[in-house]
Structure formats: structure tokens, C-alpha cells
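**Q** Residues per chain, in single letters:
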Amino acid sequence: MSAATPVRPGASEPSARGAGRRRRLPRSGRYLLELVMAAAAVAFLFPVYALVSMAMKDPRQIAESPLAPPAPPTLANFGDAWSSASLGPALVNSTVITVASLLLLIVLGSTGAYYLARRARGLGYGLYVLFLLGIVLPFQLGMIPLYKLVDSLGWLGTYQGMVLFYTGIQLPFTVFLYTGFIRALPQDYAQAALIDGCDHRQAFTRVVFPLLRPITGTVIILNAVFIWNDFFTPLLYLGGSDKETVPVGIFSFVGQYVSDYGLVFAGLVLAALPVLLVFLLLQRYVIKGFAGGLKG
Amino acid sequence: MTTGFPRFSHARTDGPGAGLPVPPGRATVSRRGLLRIGGTAAAAAALPAALTACSGSGGGTGQVRVVGVADQQKPLEELIAAYRADHPDDRFSTSFAPTDQVQTVVRTQLAGGNAPDVHVLYPGSGSAMSMAELAKASLLTDLSAQPWTKGIPASFDAAYRRDGKTYLYSAGSSVIGAIYNKKAFARAGVEPPGTWAELLDVCGTLKAAGIVPIALGAQTPWVTQLISYALVPDAVYAREPDFDDRMTAGRATFVDSGWADALGKYKELQRKGFFNDNPNGTTFEQQTSLVAGGKAAMAVQVSAVLSTFRQATRTPDDLGMFPFPAGDDAKKQWIPAGIVVGLGVAAHAKNPDRAKAFVEFLGRQENIDRWAKAVSAIPFKRGAATRLDPVLDPFLPVIDAGRAVPFMDQRWPNAEVQPAHFAAVQDLLAGKKDVKGALAQMDAAYRKKA
Amino acid sequence: MNSAPRTATSGAPRATPPGSASAKGPGGPGGGGRARWSPFRTDPAVPPWIFVVPALAVYAVVVLYPSVAGVVYAFTDWSGVGSFSFVGVDNFRTLLDDRRALESVGNTLLLTVAVVVVQNGIGLLLALGVHANIRSRALLRVIFFAPAVVSPVMVAFLWKYVYNPEGGAGLNGVLGALGLGGLRQDWLGDPSLALWSVAAMVIWQYAGYSMVIFLAGLQGVPAELHEAATIDGAGAWQRFRYVTWPLLAPALTINLMLSTIGGLKLFDQVYAATNGGPGTASETLSTVLYKEAFVYGKFGYSTAVALVLALFVAAVSLVQLRYLRAREVTA
Chain A
1 MSAATPVRPG ASEPSARGAG RRRRLPRSGR YLLELVMAAA AVAFLFPVYA
51 LVSMAMKDPR QIAESPLAPP APPTLANFGD AWSSASLGPA LVNSTVITVA
101 SLLLLIVLGS TGAYYLARRA RGLGYGLYVL FLLGIVLPFQ LGMIPLYKLV
151 DSLGWLGTYQ GMVLFYTGIQ LPFTVFLYTG FIRALPQDYA QAALIDGCDH
201 RQAFTRVVFP LLRPITGTVI ILNAVFIWND FFTPLLYLGG SDKETVPVGI
251 FSFVGQYVSD YGLVFAGLVL AALPVLLVFL LLQRYVIKGF AGGLKG
Chain U
1 MTTGFPRFSH ARTDGPGAGL PVPPGRATVS RRGLLRIGGT AAAAAALPAA
51 LTACSGSGGG TGQVRVVGVA DQQKPLEELI AAYRADHPDD RFSTSFAPTD
101 QVQTVVRTQL AGGNAPDVHV LYPGSGSAMS MAELAKASLL TDLSAQPWTK
151 GIPASFDAAY RRDGKTYLYS AGSSVIGAIY NKKAFARAGV EPPGTWAELL
201 DVCGTLKAAG IVPIALGAQT PWVTQLISYA LVPDAVYARE PDFDDRMTAG
251 RATFVDSGWA DALGKYKELQ RKGFFNDNPN GTTFEQQTSL VAGGKAAMAV
301 QVSAVLSTFR QATRTPDDLG MFPFPAGDDA KKQWIPAGIV VGLGVAAHAK
351 NPDRAKAFVE FLGRQENIDR WAKAVSAIPF KRGAATRLDP VLDPFLPVID
401 AGRAVPFMDQ RWPNAEVQPA HFAAVQDLLA GKKDVKGALA QMDAAYRKKA
Chain F
1 MNSAPRTATS GAPRATPPGS ASAKGPGGPG GGGRARWSPF RTDPAVPPWI
51 FVVPALAVYA VVVLYPSVAG VVYAFTDWSG VGSFSFVGVD NFRTLLDDRR
101 ALESVGNTLL LTVAVVVVQN GIGLLLALGV HANIRSRALL RVIFFAPAVV
151 SPVMVAFLWK YVYNPEGGAG LNGVLGALGL GGLRQDWLGD PSLALWSVAA
201 MVIWQYAGYS MVIFLAGLQG VPAELHEAAT IDGAGAWQRF RYVTWPLLAP
251 ALTINLMLST IGGLKLFDQV YAATNGGPGT ASETLSTVLY KEAFVYGKFG
301 YSTAVALVLA LFVAAVSLVQ LRYLRAREVT A
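Chains as they are written, first to last, in my numbering: chain A, 1 to 296; chain U, 1 to 450; chain F, 1 to 331.
Just so you know, the hints here were simulated from the structure itself, not pulled from any lab data. Ideal Cβ positions, reconstructed from N, Cα and C, are used throughout, including at glycine. Some hints here could point you the wrong way.
[Stated by the list, open to error] Computed footprint of chain U on chain F; a stretch qualifies when at least three of its residues, placed anywhere within it, have a C-beta under 8 Å from a C-beta of chain U: (1) 79-90; (2) 157-166; (3) 183-197; (4) 266-278; (5) 295-307.
All chains, full assembly: derive it from the sequences and hints.
**A** Below, the structure is given as C-alpha cells:
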């Protein structure tokens with residue numbers, strides 16, 4: 001992102017980050033807020049606790065007292081889930097598919113949205129609404145024709161089939177997110193760049209795109225969550241192949257008569273951790289980057 | 001992409017019973033040509049030659065693709081491993097998932113012209129993935145030539161066969177009865193009852209002892225039906241053996257049949273306080289733990305869940321099972337026994353020969369026994385070496401005396417009656433409908449065209 | 001100081017109303033010296049249409065073409081497998097007196113309103129809280145967002161344990177321990193409560209999702225504006241109302257639209273948590289649609305329902321979009 005340098009003249013001042021960007025609260029108010037937020041966090045964490053607690057129990061312990069603290073806790077479920085759902089290879093598959101889809105979504109989504117945001121009337125608005133339609137359409141509508149299409153490309157059981165699917169299916173959402181934020185962005189930057197002799201591609205990659213960091217972070221995390229967790233399409237397109245993703249592995253433990261929720265939830269915890277880690281890192285990156293971006 | 005778009009032709013309409021021939025061997029037929037049955041057959045012509053050339057030899061060369069429900073995972077993986085010990089060159093690709101998703105996936109793959117070789121199949125009719133439904137659409141391979149099919153008793157015809165051809169492989173039947181906690185029974189000093197009146201006595205005694213007599217997890221839809229199914233054989237089929245045929249002919253209704261008595265008894269158990277509080281909010285898992293932990297004495301359940309119940313308790317040997325009594329004669333009990341979910345070979349399998357060879361292997365007595373044991377089912381035919389789960393012993397005399405009735409939905413004409421039954425029972429338990437209203441809802445669903 | 005930061009600190013990142021972008025470029029209408037007229041580009045400040053072509057191409061292949069191809073089934077009696085014939089508009093006529101489908105519309109709307117209002121309300125409060133300068137904000141963000149990274153179906157499985165109706169278990173047990181035993185409920189089993197229990201679960205899962213989008217908006221609010229407002233003597237509420245809130249408009253638009261569409265289409269959570277029950281108490285259009293297609297084997301009819309649902313959602317979101325975009329400009 002070194003291309004962003006021209007528009008972040010203030011980035012070198014350490015004080016410009018963090019504290020400067022945030023409202024300063026009086027100390028008492030800050031402690032009160034901290035307390036309130038901590039209480040909200042506890043409420044939010046209760047189901048998470050239930051999840052982790054069941055992940056550390058054998059079936060009998062779950063039946064006896066699903067939500068009590070595990071006594072004694074067992075980590076066996078994590079190992080079992082890892083091996084019986086082949087989570088190792090599945091994590092690789094999920095990562096490849098998610099990262100490739102995200103790259104395409106960011107490139108296609110941000111450029112497309114840049115056009116749509118800057119051409120907000122006539123054809124531009126029509127296309128914008130057309131994209132929006134993609135969020136609205138029920139998935140079932142195109143499911144069978146799309147399946148036939150991917151099959152006829154010979155892309156069932158492949159990474160590229162899934163990447164194509166996720167890029168297409170999540171583009172409307174991505175374009176929608178980007179467009180909303182680009183519209184709110186001052187136009188002066190890009191115009192200054194154009195006047196300075198950049199062409200549109202350069203103006204976009206050097207000036208506009210760096211300014212989109214916060215929303216790109218949002219695009220990454222929200223799309224990642226969807227793609228990472230999606231279960232039905234990988235089952236349909238990849239089921240039985242060596243490209244199966246993490247949810248496909250985890251769901252295979254859920255039967256009508258026999259389900260091992262300890263195993264399921266342990267797998268779920270393992271699957272959620274990488275995404276949470278990415279979210280944590282992204283938050284830091286986005287905030288830092290942005291604090292420099294708009295400061296003057 | 002014109003190739004993906006179905007062209008619609010009305011050249012073929014296969015009414016019920018038309019029984020389109022299943023192509024034997026199909027070595028030279030293009031997969032895609034076959035797959036676009038009916039309306040979409042013409043699309044094959046539009047495909048570039050390169051894409052249609054993947055028919056391969058009669059055996060196919062790829063992996064045998066198997067799609068099953070999660071409940072089949074254990075027996076299937078064991079048996080595939082056993083099969084591969086003798087056929088190391090046959091590779092399998094398997095995927096298992098929860099019932100709803102598998103149903104959706106397999107139907108999409110069938111519709112999209114990419115059928116798995118072997119896939120989950122439900123017995124009889126009455127569901128979207130049932131043998132009858134798919135056979136009607138010519139999507140299944142006739143297995144009648146395989147030796148094991150000769151052992152299917154005629155009474156199971158409706159589950160395995162359509163128009164005299166066998167399409168379903170299933171290891172046998174599972175029974176519905178009361179799974180009970182022997183310790184809880186002992187604590188209240190009661191024995192398994194043999195008649196409806198005894199059952200009410202036992203429940204009363206258990207309740208007085210502070211034990212929930214019957215755990216009911218009606219939040220989980222399929223659990224709602226089990227008590228009806230346990231009561232209906234006596235209330236309906238013992239008196240009217242031809243009830244299904246009369247229903248089919250439109251000469252009977254649920255409302256004016258023994259179903260009204262059965263649902264009346266269901267409601268009576270609730271009215272007398274013999275269920276746990278809030279059955280509509282209680283899940284199958286919670287029902288299991290109530291019985292396994294001894295808070296409740298019994299649960300009306302299908303034998304396939306025995307392993308789940310056993311896993312949930314410290315003392316699995318304390319769990320027993322008895323026929324849930326609905327009538328007045330302990331010597332003439334009737335029970336529901338339904339063929340368990342099985343497998344079919346797709347009509348348009350890419351590896352039909354190897355898929356059939358595998359199913360033939362599953363049909364050997366020892367493998368039927370193995371599968372049946374894994375899901376606590378009773379094999380459809382028993383050999384000298386067949387060992388049953390001893391918990392099922394009380395059911396065998398009833399089955400051998402011909403007083404076992406298939407699960408009711410396996411003869412229902414469309415896939416809407418069963419969900420209507422689920423909703424009707426929940427409404428009944430919630431007090432939103434009476435017995436008549438609940439059954440009227442089922443009658444309305446029954447009369448819808450398939 | 002170049003011109004860009006000045007714009008930001010002047011408190012008018014959208015001093016140029018977005019809608020007028022194409023008319024107000026530096027070259028003026030007509031694109032200055034450009035001789036060749038193009039329907040795609042009239043202004044040198046507007047990026048060339050090639051920017052949108054790749055996105056449009058992928059979108060057309062993966063979404064538009066299959067959906068249009070799929071619409072055909074709405075006019076057939078197809079079961080989902082095997083052959084079918086065309087039945088004209090019969091399916092739409094059937095829908096008109098399908099009580100199950102019509103009743104589910106009410107549930108769908110209630111669920112949507114609850115989710116839109118509460119999820120965004122909580123999401124906004126959380127965003128404001130974790131945007132403030134408190135020490136635990138990085139951790140708090142992860143905690144609030146954590147539910148959103150779990151698959152919705154699994155969340156439903158998990159919440160069935162939380163919603164255990166027994167007095168001492170799950171949420172009821174917690175209420176009891178807090179001395180709120182009177183609030184204990186049969187969460188999923190009580191027909192008048194089931195829908196709201198599902199809504200609460202969805203809100204729990206996605207409040208953090210709304211939070212993330214609001215946060216992206218808050219990060220675009222220059223701190224200088226707050227400082228200036230504080231110097232002018234504005235209180236906390238006034239700073240929120242007159243500085244933060246107007247600048248949150250794009251995030252609000254996105255959140256409201258996404259949650260409305262998401263609410264109207266909500267399927268996984270409802271189906272996995274209640275299956276539309278008890279009885280039909282929590283049936284939504286999406287569960288009806290799914291059951292028709294894959295449980296009852298009436299794919300043709302379900303496509304008709306899907307089409308009507310799509311038109312309905314599209315109409316609602318277009319109205320919403322017009323209103324919200326107008327609001328963004330004037331806010």
C-alpha cells in the first residue's frame with residue numbers, strides 16, 4: 001500500500017493515530033462505558049461458552065448437563081474432529097477457496113463499484129439496481145441451471161468452480177458495500193490525481209483504493225465469514241472429492257438419529273478460530289491504515 | 001452457455017406405471033443424453049462432442065460416488081472398507097451430511113444430470129427421496145437380478161419394490177416401541193405394561209414417584225409422529241388391514257378412522273400429565289437425556305436411536321425396549337416396523353456395474369447383519385449367524401406373528417402428509433387444534449396430488 | 001496541506017452530492033474536449049465503463065443467467081426430478097389461495113421488522129461503544145463479532161440447548177440463577193413465542209455484523225469534527241446527533257438494506273431451529289419455499305413462490321434504497 005503515501009501526509013506523526021481519532025472521554029465516563037460493554041460482552045458470550053463447554057464433553061456428559069462446566073474437560077473431541085472430518089486438508093481447501101474468492105471479489109467489486117458510484121444516474125443507476133437484484137434473488141431460483149453450468153465446464157469438484165461461484169454470488173453484496181462507501185468519499189482526491197496526469201487506472205489504484213481500506217476490511221471479513229461457513233454449495237459441488245471444505249466435514253457428524261454434538265462443536269470451534277484471528281488482525285490493520293489515511 | 005440451458009420437449013411423459021426401461025449396461029450411451037430425462041433430453045444434442053464423450057466403458061473408470069445421510073456413515077464406511085479389501089482397485093468417494101441437505105443435494109444432482117452412482121433412498125413412497133417417487137421418474141436401477149432380493153418378504157414389497165422391480169437396498173426394519181430406563185421402572189416398582197390400561201397405571205405410578213413417565217421431544221419434527229405410529233397399528237390396521245388401500249381408493253379418511261382413537265390416546269397421555277412439561281419445546285437430544293439420566297422413565301422411539309441413548313448414559317445395560325401397548329390384549333400386540341433408510345443405484349450412474357457389484361456385496365447375509373446391527377435394526381432376512389440386539393427380543397414374536405405394520409408414511413401418496421402430521425401433532429400438543437382438526441389437516445394433505 | 005485533507009476537516013466529505021457527480025465534473029457536462037460521443041461515458045471524471053465490465057460478466061454468468069433460466073420452472077409442474085409439462089400460470093393461481101404461504105407472509109414481515117430494528121439498534125450501540133477510547137475495545141470487537149463467524153445452521157443447533165424449556169437448564173437456568181425465574185419460558189415450544197425466540201437468536205448472531213459495518217462508517221468520521229464540535233460547546237448527544245449520525249448515513253443505508261433483505265429471505269436459522277413449527281407458528285416464506293421444492297417435491301410451484309418472494313423483496317428494497325439515498329444527500 002505504499003502507493004497511498006501521497007494522501008497520507010500526517011501518517012508519520014504517532015499522535016495522529018488512535019487517541020487522536022477517538023472521542024476523548026472523561027475518565028469516569030470511560031470506566032462506566034467499559035463496565036457496560038463488559039456486561040454486554042458477558043451476555044454475548046453465554047452461547048459461546050455453551051459451545052466451547054459442549055466441545056469439551058463426551059456424549060454422556062452432554063446428555064447429563066450440556067451447559068455445566070465440563071468436569072472433567074476433555075480435549076479428545078478436538079483431535080477426533082480433526083482426524084475424522086479430515087480437517088487438515090479441509091482447512092487448506094477452505095483457505096484456498098476463500099482467499100482466491102476474496103481477491104477476485106475485492107478487485108472486481110471495488111472497480112465495478114467505483115464506476116457505479118461515480119456514475120450514479122442513468123445506465124450507472126440501472127446497473128447498480130441490477131447488481132442489487134443479486135442480493136434479493138432467492139438462491140433456489142438459479143440453483144439447478146448453475147449446477148448444470150458448472151458441471152458442463154467440468155468444474156465440479158474443483159477449486160475454480162467454487163471460486164467462480166462465490167465470486168459471482170457475493171459480488172452484488174460486495175459491490176453494494178463498496179458503492180455505498182465510495183459515494184461518501186470526497187471526489188477531490190481522484191480528480192486531483194487525474195489533473196496531475198494519472199489515468200483512471202492509476203487514479204484508482206494509487207489514490208482511491210487506498211482510501212477504501214476500512215470498507216475493504218469489512219468486505220474481506222464479511223465475505224470471508226460467508227464463504228468459510230457456507231455448507232450447502234460445497235456439499236453439492238465438492239461432496240466426495242478431495243476438495244471438501246471444513247463445513248462439509250463438520251456436518252457429516254449430524255445425523256437424524258445419531259449426532260455427536262461434542263465432535264460437531266469441537267470442529268466448529270476449530271473452524272471459527274482462523275476467521276476470528278483474521279478479524280482481529282484486520283481490525284488493527286484497517287484502523288491503523290485509516291488513521292493515517294484521512295488525517296491532515 | 002447454451003449447453004446448460006434445458007431445452008424443453010414434451011416428447012416423453014412417463015405416467016405412473018409406464019416403467020420406462022432402465023438401460024442395461026448402457027456402455028455406449030452418453031451420460032448426459034440419459035440424464036436429461038423427459039423435458040431436457042434435447043439439450044444433449046447441443047453439447048459439444050468433447051463433453052459427451054465421457055461415458056467410458058461399461059464399468060466406468062472413475063470412483064464410485066456414494067452420497068448418504070449421516071446416519072448411514074458408520075455402516076457404509078465399514079462395509080466399503082470390507083469391500084475394498086477384496087476389490088482394492090475399486091475406489092469410492094463418499095459424502096455424508098444431515099438428511100435435509102442430502103435430500104436437496106441429491107435431488108439437485110439428479111435434476112442437473114449428474115447423479116451419484118449410489119445414493120440414499122427412502123423406502124416406499126411418501127417422501128421426495130422415496131423409492132417410489134424416484135422409480136416413477138425412472139431414476140433408479142432395477143436390482144431385481146441380485147440374489148439378496150429373493151429374500152425380501154412379500155410383506156415388505158411396498159417398501160422395496162415398485163411394479164415388481166426391486167429398487168431399494170435396505171438392511172431391514174427398525175421398530176418403534178418404548179425405550180425405557182430399567183432403574184427408573186424399578187424405583188417406582190413397575191414392570192413394562194402389556195395393555196393400554198396397564199400403561200396408564202404404570203404411568204400413574206411413575207408420576208406419583210416423581211418420575212416423568214414418558215419423555216417427549218416434539219420440538220424435533222420427526223419425533224412427533226412416533227407415538228401416533230405406535231398407537232395406529234392397533235387402532236387402525238388390526239381392525240382394518242386394508243385401510244391403506246381404502247385410503248388410496250378414496251373410500252376412507254383419517255378423520256373417520258382409528259386414527260381418531262390413536263390421536264385421542266396421544267392427547268390423553270398429555271392431559272393426564274404423563275409427558276414432560278413443554279414437549280413442543282423439548283428436542284430429541286433433551287428427550288434422550290431425560291430417559292438416559294433417569295428423570296424420565298421411557299420414550300417412544302425408533303430402535304435406530306438405541307446407540308444414541310446408550311451413549312448418553314453411564315449404564316447402557318439399564319436401557320430396555322418393549323412394544324408400546326395400544327390395545328387390550330397383551331397377547332396380541334401390534335407394532336410398527338419400518339424399513340430403514342437405504343440405498344439405490346442411480347439409473348444414470350457413471351459406474352453402474354461397479355455400483356451394482358457393491359450393492360450385491362451389501363446384500364450378502366453377513367453384510368446385511370452388519371448394517372442392521374450398526375443401526376439396531378432387524379435384518380429383512382435372518383441367517384444362522386444373525387445375532388440381534390437382545391433389547392429387540394420382545395418384538396420378534398410380534399413380527400413373526402405378522403402383526404408388524406410398516407411405518408404409515410411409507411404408503412402415503414405424496415410427501416406432504418408426513419409434514420402435515422408433524423404440524424398436526426404439534427398443534428394438538430399446543431392445544432391449537434383438536435383431534436378432528438388435526439386429522440382434517442392430514443386428510444387435506446393426503447388428497448393433494450403427488 | 002493539500003486540498004484533500006481540507007475537504008475532510010471541513011466536515012463535508014459529501015459536499016458534492018453523489019448523485020450529481022457526473023454532471024459536475026471539472027470538465028463540465030459533455031466531457032470537455034472529447035469529440036466522440038459514447039453512451040457509457042460523458043465525463044472524464046467518471047471512470048470508463050471497462051471498470052464495471054469484469055464484475056458484470058462474472059455476475060451475469062453466475063447469477064443472472066441461471067436465475068433467468070430457472071424462472072422457466074415457475075410455469076411447469078416439475079417435481080424437481082424427471083419430466084414435466086408446462087402449466088401456464090397455474091402455479092401463481094395456486095399461490096393465491098395457498099393459506100400456508102399467505103400466512104407465512106405475516107411471520108416473515110414480523111421477523112424482518114424485529115431483526116432490522118433490534119439488530120441495527122444493538123449493532124450501532126456496540127459500534128459506538130467499541131469505537132470509543134476504551135482499553136478492551138479490540139477484544140470486545142472480537143467477542144461481539146464472534147457469533148457471526150459460526151455457520152447459521154450450527155448456531156441454531158447450539159441455541160436449541162440454550163432454549164431448553166426445563167427450569168434448570170440453558171437460558172432458563174441462567175434466569176433462575178439471576179433471580180428472574182419468573183421470566184422462564186418454553187422458548188421454542190410456545191407457538192406465540194417461537195418466532196421471537198428465533199429472532200433473538202438471529203439478532204445475537206448478527207448484531208456484531210451490523211457493528212462491523214457501522215464501525216467502518218465511524219472510522220470515516222474525522223476526529224477533528226468532534227474536537228471542533230466540543231470546542232463549540234456541543235454535548236455528547238449533540239455531537240452524536242449532528243456530527244456522527246449524518247456521517248453514518250452510508251453505513252446505515254447498507255445495514256438497513258442488508259438486514260431487511262436478509263430478514264425477508266431468512267431461512268437457515270428458522271428451518272434449523274423450528275422447522276417452521278410448532279405447527280406452522282414460525283413458518284416464513286423461505287421455509288415454505290424450501291419445503292415445496294425439496295420436501296414436497298413441487299419444484300415448479302416453489303419456483304413460482306420464489307419469484308413472487310423476489311419481486312416482493314425487490315420492491316421493498318428499491319423503495320428503501322430511494323428513501324435512504326435521498327436521506328444520505330440531505331442528512
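**Q** Next, verify each hint and record whether it holds.
**A** Taking the hints in turn, this is what the structure says about them:
Proximity of the region 79-90 of chain F to chain U, defined as three or more residues with a beta carbon under 8 Å from a beta carbon of that chain, is established by the 8 residues found. Only residues whose C-beta sits within less than 8 Å of a C-beta in chain U count toward coverage, and the region 157-166 of chain F has 6 of them, enough to reach three; the restraint holds. Given a C-beta distance limit of less than 8 Å, the hint that chain U covers the region 183-197 of chain F holds, as 6 residues qualify and 3 suffice. Counting residues of the region 266-278 of chain F whose beta carbon lies closer than 8 Å to any beta carbon of chain U gives 6, which reaches the threshold of three, so the coverage claim holds.
Closer than 8 Å: that is the beta-carbon criterion, and the region 295-307 of chain F has 4 residues meeting it against chain U, so the requirement of 3 holds.
Going down the numbered hints, you'll see the structure goes against none, and every one checks out.
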